[in-house]
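Participant: The lines below spell out each chain.
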Amino acid sequence: MTLVPANDPTVATLVAIDVTVRLGGKTVVERANLTLNRGEVVALVGPNGAGKTTLIRALAGLLPAEGGIALEGRPLGSYSARERARGIAYLPQGHVFHWPLPVASVVALGRHPHGDAWSPASEADRAAVQRALNATGIDGLADRSIVTLSGGERARVALARALATEAPVLLADEPTASLDPRHQLTVMELLRHGARHGAVLAIVHDLLLAARFADRVIVMDRGRLVADAPPKEALTPDRLADVFGVATMNVSTADGDVTIPWRPL
Amino acid sequence: MAGRTFFWVNAALAALLVILAVVSLMVGPAGLSWRTALQGLFGGEGPAGIIVRDIRLPRTLLALAIGATLGLSGAALQGLLRNPLAEPALFGAPQAAAAASAAVIGFGFASAVSLMVPLAGILGALVSIGGLVAIAGRRASLTVTLLAGLALASFAGAMTALVLNLAPNPYVALEIAFWLLGSLEDRSTDHLTIAAPFFVASWILLAANARAYRALTLGEDAAASLGVDLRRVRAMVVVGVALGVGAAVAITGSISFVGLVAPHLVRRAAGSDPARVLLPGALAGSALLTLADITVRAIPAADELRVGVVTALIGVPFFLAMIFSERRMLEGAPS
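Top to bottom, those sequences are chains A and B. Residues 1308 to 1572 in my numbering are what the first sequence lists, from first letter to last. Residues 1153 to 1487 in my numbering are what the second sequence lists, from first letter to last.
Keep in mind the hints are simulated off the structure, nothing from the lab. Positions of the beta carbon are idealized from the N, C-alpha and C atoms, including for glycine.
Just some of the chain B residues that point at chain A, by a computed CB distance under 7 angstroms:
| hint | residue |
| --- | --- |
| 1 | Arg1234 |
| 2 | Ala1367 |
| 3 | Thr1369 |
| 4 | Gly1371 |
| 5 | Asp1373 |
| 6 | Ala1374 |
| 7 | Ala1376 |
| 8 | Ser1377 |
| 9 | Leu1378 |
| 10 | Gly1379 |
| 11 | Asp1381 |
| 12 | Ser1424 |
| 13 | Pro1426 |
Please take these sequences and the hints and turn them into a complete structure.
Facilitator: Quick look at the structure:
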């Protein structure tokens, strides 16, 4: 496999070539090809069961996959778990916290791959945690227990944890799920902000959010990537009818026309 | 601020352990003053020296070490399974260890003081905890985890009953039955020498994964994405708990609920952090078991009360209270 040279800022940070994932004998992701470039936000959309979460977990190195995945020009398989964790931050669905830790401790978990058991948090770790707290606007909550927070606040804590790693790639699985409109917009803005460090790939169910915030939209259907283009070209009425089974409507906004799902076909 | 509270909790527990250890040297059929007990400990001549050094010191050290092992095992399992109700005994580990050890003694493979007994106990605990972690695997609900533990504990109980059933003579059956109740009576330096390496290995394996337990707060996927090698962590905890609990059971018989109660007592002081709860959890375990062992010696009775009976008598109501206070979390289905 030919891979792009490392340390070239113009170059892709994460490349997937013919990635196939089988789970329990079933092919869930089939020959997926995609590239994430530094500084861009890419939305991954598709109906339930299309294989979006599986693809993202494979890209994060959490699932065995066939084909090639390269991070910063090196095959993902050649990274140690800790090296990989410094390169790819992964934000799973649901914002789960099993213990009622203070917010600052949760966010500090994002620095886990940077330290080890024998070295306490370094100055760089503390600074990164503070940056993540500030960026997500939760520095005022740092000492609060995570269980006392609202859903929107928890979503921001989860995102801050992922941002604190300051990895060149951020993979987020439905970061806006079950949030009110304002928090959805805030989280998407934070992802945009996070993209300054690297590339962001986020599973988004709200096609409007995807169209509004993403540089590119990748459409996934039954395990295959069927479109990878700027939002207008990816989310055409024909494709939405085909993939999601919805009839669409055009709505004009200050930013031009947008296509929104209107009724099931 | 939180760090300072944490330090003082550990310091207070350590001080409490010193006091309990001295009291433990004083209490017994021949009551000693603390002065005599300490003189006996540091080379005093005469009967006091013999009683303290040969009888009460090994017993006290075993109570401290086994209590710490149980407390640490509970805290580590709770961290691994992200569940405050995880405890070796709920998952049948001591029961399985007891069944295996009982089989070795009952069928006359070994005398009670031999390396065979702890080895069998460790093997039994390994099978039960390994089985549990395999069943409770990636995202099993609390219900599945507890049911699996119940099944394993019941099966271990049945195996023990089988050993008793097939015991060659009633004396062996009685010996096993009493041993199963859990006691530190008449344990010698030999017991301590046999078990100590297993305890130390267990402590190292369980404490080495402190940061992994903390990362697991975010769930297994997120922890793995942070560079935690889950398979390795699971294997280390399973082996660590099996080594510690297996060796403990082989020495004392079954002692339950210390692993559940000890971490719970100190969890708030540790800020609910599954990594920081390890040390105070182990110290609290030591204190609880030493206290229970002092209690059985202080209560006048024809035959000494068994310490395993005392911990269970205290532990079960505590466990029920915990279920009651955490029922909202427990009703929240997936762990």
